[in-house]
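Asks: Sequence:
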Amino acid sequence: MKKIAVLYSSGVESASLTVHYLDEGFLVYPVYVRCGLPWEKVEVKWASRLWSYLRGRYKRVMPFRTVFLRGLGVSRGIEIPLRNLVLTTHAAIEAIKRNVKSVAVGSLGIYPFPDNNREYFDALQNLIRKGSKEEFRIETPFMGMEKWEVIRKFYGRLRYELTFSCVRPVKGMHCGRCLKCIERKEGFKLAGVKDPTFYLS
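With the numbering used here, letter number 116 in the sequence shown gets 322, and the count goes up by one each step, no holes.
Keep in mind that a hint or two might mislead.
Taking lysine to any residue and the SDA-like style, the derived pairs with C-alpha atoms no more than 25 Å apart in a straight line are [what the hints assert, rightly or not]:
(1) K208 <-> N305
(2) K209 <-> R343
(3) K209 <-> M268
(4) K395 <-> G315
(5) K307 <-> M349
(6) K208 <-> R335
(7) K251 <-> E367
(8) K208 <-> K391
Hints listed in this document are in silico derivations from the structure and should not be mistaken for laboratory results.
Please model the entire structure based on the sequences and the hints provided.
Replies: Here's what the structure looks like:
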């Protein structure tokens, strides 16, 4: 059976990415990387609920692993320096330990960060191959897509009310005001579908 690790959270893209590979018949290993960011305590609870839902539908989704790091912080706006390097590398480590030769990342490439493009992932893939002596692959099937395109493609295949994307959660819920919430609202609007998310404002 085909196997892949997915860089997993509870966000729209990572949830859609997980369903993408499950529908393709893969055995999926979700990996959640905790970096000490302020919203992660809430996010990981949503990730757990989302996993329970996915596990009920797909027997090929494996228990999700949480990797604990420290010291990764937001420096400018929503930019987290070297975020994709850190997250993807640790997901790759978890994958290789389980004899899984691929990791999938839900990056769209819409943010102009230097580590958020296919060229960067190709370089990182080559580095992991050299370090592991494995023919390892980093897959980014959503690269070049917009959030609304992802939502439209997977709407009806995924319960988006179980996903979470907020950097200022209030009482465990979407604040409705942060950049991530605004992007989420806009994504559903542009997709032309009902937004099932409950926002506090």
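Asks: It remains to establish, for every hint, whether it holds in the given structure.
Replies: Hint check:
This hinted pair checks out: K208 and N305 have alpha carbons roughly 11 Å apart, not beyond 25 Å. Restraint check for K209 and R343: satisfied, since their Cα atoms lie roughly 12 Å apart, inside the 25 Å limit. Simply put, K209 and M268 have alpha-carbon atoms about 10 Å apart, close enough for the 25 Å limit, and the pair holds. Between K395 and G315 the CA atoms are separated by roughly 20 Å; this keeps the pair inside 25 Å, and the hint holds.
Distance restraint check for K307 and M349: the Cα-Cα separation of roughly 20 Å lies within the 25 Å cut-off, and the hinted pair is therefore satisfied. Proximity of K208 to R335 is assessed by CA-CA distance (about 19 Å); at most 25 Å being required, the pair is judged to hold. A distance of roughly 14 Å separates the Cα atoms of K251 and E367; the hinted pair therefore holds under the 25 Å criterion. Note on K208 and K391: the hinted pairing is violated, with a Cα-Cα distance of about 35 Å set against a maximum of 25 Å.
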